[in-house]
Amino acid sequence: MSTVPEGIDPAVPSAARIYDYLLGGKDNFASDRAAAEKLLEITPNAREGVRANRRFLRRAVRFMAENGIRQFLDIGAGLPTQENVHQVAQKAAPDARTVYVDNDVIVLTHGRALLADDQRTIVVDGDLREPGTILDDPRVTKHLDFTRPVGVLLLAVLHFVPDDDLAERIVATLRDRLVPGSAVAISHLSFGDLDENTVRKGRELYTRTAAGSPTPRTHAQILRLFDGFELVEPGLTSTEDWRPEADEPRLPKMPGVDGYSAVGLLR
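For the sequence shown, our numbering begins at 9 and goes up steadily by one.
Read the hints as simulated data drawn from the structure, not as lab findings.
Please note that the accuracy of each hint is not assured.
As a list, the in silico DSS-like pairs of lysine-lysine whose alpha-carbon atoms are at most 27 Å apart [to be verified]: (1) LYS34 / LYS99; (2) LYS46 / LYS34; (3) LYS209 / LYS46; (4) LYS99 / LYS150; (5) LYS34 / LYS150.
Distance ranges between label pairs, derived from CB positions [as the list claims (entries may be wrong)]: (6) PHE199 / PRO257: 34 to 42 Å; (7) ALA254 / ARG147: 38 to 46 Å; (8) THR89 / PRO252: 16 to 24 Å; (9) GLU45 / PRO146: 40 to 48 Å; (10) ASN205 / HIS227: 18 to 26 Å; (11) ARG147 / PRO188: 39 to 47 Å; (12) VAL113 / ALA254: 21 to 29 Å.
For each residue, glycine too, the CB sits at the ideal point set by N, CA and C.
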């Protein structure tokens with residue numbers, strides 16, 4: 009990254025920029041790359057995991073668009089990369105509207121620059137832990153009509169909320185503002201085959217980031233996040249196994265963390 013936005017310390021790694029590096033992006037600093045390489049030492053499948061998560065994003069958005077959803081709210085959107093939510097949605101439905109929400113200055117700067125000429129897509133600053141504030145933001149309510157179905161994306165972000173009750177309340181707050189026909193897509197870290205010591209090392213790696221340490225959850229804990237939604241087949245499953253498409257790579261199992269993903273419909 010050649011320029012540093014005001015207020016950013018390039019010596020402090022960012023969860024969004026670590027993710028960007030693992031995806032093969034260039035919007036990251038040396039501190040992010042060093043942290044990502046350390047993460048790969050601890051969990052060798054981290055790069056495959058983030059790429060699987062990206063493929064899930066594409067499948068989930070296409071599913072929502074094919075089921076009539078034309079509005080998307082992506083909270084914890086991360087840095088722009090190939091096949092963003094708005095691009096996938098607009099391929100299926102050219103009139104689709106998207107709001108990206110993040111609290112990372114670099115994410116906001118790059119997203120707004122990228123989308124300056126796209127009137128159907130906006131980027132706003134917001135905190136996942138305060139979903140009511142996001143839903144009441146005038147920029148969001150002007151862009152999205154909550155009397156019509158909305159597709160909410162919470163991808164690889166709820167594991168940065170360590171408190172189980174708060175994570176469940178976040179999703180419930182969003183759910184309670186949605187109308188029937190809406191949907192939520194969630195992807196979330198699980199423990200995989202890592203022992204407690206390895207999980208601790210991975211969490212410590214993220215303590216310097218603004219996002220804080222991730223909290224992997226069990227299948228049962230993640231399933232509770234979908235309370236009030238009807239899970240789409242095949243339900244809550246490993247991220248790679250949620251409706252994989254024929255042309256997608258199927259990578260061999262590697263040691264490390266795993267993730268669960270699902271899409272829930274509001275009836």
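Hint check results:
no., hint, verdict
1, LYS34 / LYS99, "holds (25 Å)"
2, LYS46 / LYS34, "holds (18 Å)"
3, LYS209 / LYS46, "holds (10 Å)"
4, LYS99 / LYS150, "holds (23 Å)"
5, LYS34 / LYS150, "violated (33 Å)"
6, PHE199 / PRO257: 34 to 42 Å, "violated (24 Å)"
7, ALA254 / ARG147: 38 to 46 Å, "holds (39 Å)"
8, THR89 / PRO252: 16 to 24 Å, "holds (20 Å)"
9, GLU45 / PRO146: 40 to 48 Å, "holds (42 Å)"
10, ASN205 / HIS227: 18 to 26 Å, "holds (22 Å)"
11, ARG147 / PRO188: 39 to 47 Å, "violated (25 Å)"
12, VAL113 / ALA254: 21 to 29 Å, "violated (40 Å)"
Violated hints for the displayed structure, listed by number in ascending order: 5, 6, 11, 12.
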